[in-house]
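**Q** Here is how the chains run, residue by residue.
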Amino acid sequence: DVKVTQSSRYLVKRTGEKVFLECVQDMDHENMFWYRQDPGLGLRLIYFSYDVKMKEKGDIPEGYSVSREKKERFSLILESASTNQTSMYLCASVTWTGRGYTFGSGTRLTVV
Amino acid sequence: AQKITQTQPGMFVQEKEAVTLDCTYDTSDQSYGLFWYKQPSSGEMIFLIYQGSYDEQNATEGRYSLNFQKARKSANLVISASQLGDSAMYFCAMREGRGLTGGGNKLTFGTGTQLKVEL
Chain H
8 DVKVTQSSRY LVKRTGEKVF LECVQDMDHE NMFWYRQDPG LGLRLIYFSY
58 DVKMKEKGDI PEGYSVSREK KERFSLILES ASTNQTSMYL CASVTWTGRG
108 YTFGSGTRLT VV
Chain F
1416 AQKITQTQPG MFVQEKEAVT LDCTYDTSDQ SYGLFWYKQP SSGEMIFLIY
1466 QGSYDEQNAT EGRYSLNFQK ARKSANLVIS ASQLGDSAMY FCAMREGRGL
1516 TGGGNKLTFG TGTQLKVEL
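Listed in order, the protein sequences are those of chains H and F. At position 89 of the first sequence the residue is numbered 96 (the working numbering), and the sequence of numbers has no breaks. At position 51 of the second sequence the residue is numbered 1466 (the working numbering), and the sequence of numbers has no breaks.
Nothing false has been slipped in among the hints.
With a cut-off of at most 27 Å between alpha-carbon atoms, the simulated DSSO-like pairs for lysine-lysine come out as follows:
| # | chain 1 | residue 1 | chain 2 | residue 2 |
| --- | --- | --- | --- | --- |
| 1 | F | K1531 | F | K1418 |
| 2 | H | K77 | H | K10 |
| 3 | H | K20 | H | K62 |
| 4 | H | K78 | H | K10 |
| 5 | F | K1418 | H | K62 |
| 6 | H | K64 | F | K1418 |
Hints listed in this document are in silico derivations from the structure and should not be mistaken for laboratory results.
Bound-form chain F, shown alone (with noise of 0.2 Å):
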C-alpha cells in the first residue's frame, strides 16, 4: 500500500493566487514526521516545511504553510501569492518513529505533484 499518496500529477496555478497541493499518509507510527520538498528543473531538492506528529500548530515558513489534519492523515501545502519561480515538482515525505539511529529516519516520497505557475 501507498504510504504517501499525491493524487494530483498536475497543477495550474494564476501568478499571486494561493494554490493547496494534497497529500495524505498511512502509518501505524504515533511519531512520525512530514516532509515538504520542491525541485525546479535543476534537480535539487529543496526543503519547505516540516510538522511533527505532535506538534499541535500547522507548520508554516514564508509564503508555505501546511495543512495538518492528523484524524484524516492529510498533510496538505498550502502555497500563498504564487510566483512564477514556484513552478516546480513537489514532493510530499513521510519519516515514521522518532527519527534518531537505525533505520527510523527512512524517508518515504510520494509521487509528486508539477505545479505550473502562470502569469
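Chain H extracted, bound-state conformation (with noise of 0.2 Å):
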C-alpha cells in the first residue's frame, strides 16, 4: 500500500515560531500537496509541487512556503506561526494519472 506519511500528529507552537511540516510518501509520486483543514470551509490547497524543486501555489498560500528537495518529501513551513494559522494540515500525493490521491493522516496544529 502506498503510505504518506506526516512526522507529527499534533503540534502546538507559539506565535512568531518557524514551523516545519512533513510529509513522506513512499510510492514514488511526481505531485504532492499541502490542504488545511478547518470546520466548514472544507480541504483547502496551500501549495503543490510536482516535480522535485518545482512547487505553485494553491488558493491560500499567504505566510506559507514549501520545499521539495527530494522527491519523497514535501515540507510545509509557517515561516512565522500565528493563531489564524491553527488548523488540520494534510498532505497528499498522487500518481501521474490523477486518480490515486493519497493522504497523511494529518496533523492538528495549534499557535497559542
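Hints in hand, dock the two standalone chains.
**A** Quick look at the structure:
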C-alpha cells in the first residue's frame, strides 16, 4: 500500500515561531500537495509540487512556503506562526494519472 | 465562484436505509475527474469512488455509487444499506483537466457533509 506519512499528529507552537511540517511518501509519486482543513470550509490547497524543486501556489499560500529537495519529501513551512494558522494540515500525493490520491493522517497544529 | 458545492452540512439516516449526498460542480474543462472521500472522526481521508468525465456508466464500489449527471453538473454519492460505521464527514472533490503532470492534478474540495447513521 502507498503510504503518506506526516511527521507529527499533534503540534503546539508559539506565535512567531518557525514551524516545519514534514510529509514523506513511499511510492515515487511526482505530485504532492498540502491542504489545510477548517470546519465549514472543507480542504483548501496551500501549495503543491509536481517535481523536485518545483512548486506552485494553491488557493491560500499567504504565510506559508514549501520545500521539495527530494521526490519523496514535501515540507510545509510556516515562517512566523500566527494564531489564524491553527488548523488541521493534510498532505497528499498522487500518481501521474491523477487518480490514485493518498492522504497522510494529518497534523493538528495549534498556535498559541 | 465555488467549484464544488455541497449544500447539506449535516444529514441523518436510519440504519439499513439508503442516503444520497449531493454534490454539484463547476468547470469549463471537458476532461475532469470527480471523487468522493470519507473522513471519520479519526481524521484520515478514505477514498470511496471515482468518476471520469468521459465515463458513460455511473461508478459503483460496493455499497457506494455515484449518480453522475453531466448536463446538470452533479455527482451525488448514494450509500445503500447504511451502517453505523458510515457515520463520518463526506467530501466531494474535482480534478480539472486530464491529470498527468504539472498542475493538472490539483483536487478542489467541497465543504463536506456530516452524515450520522442512527439505529
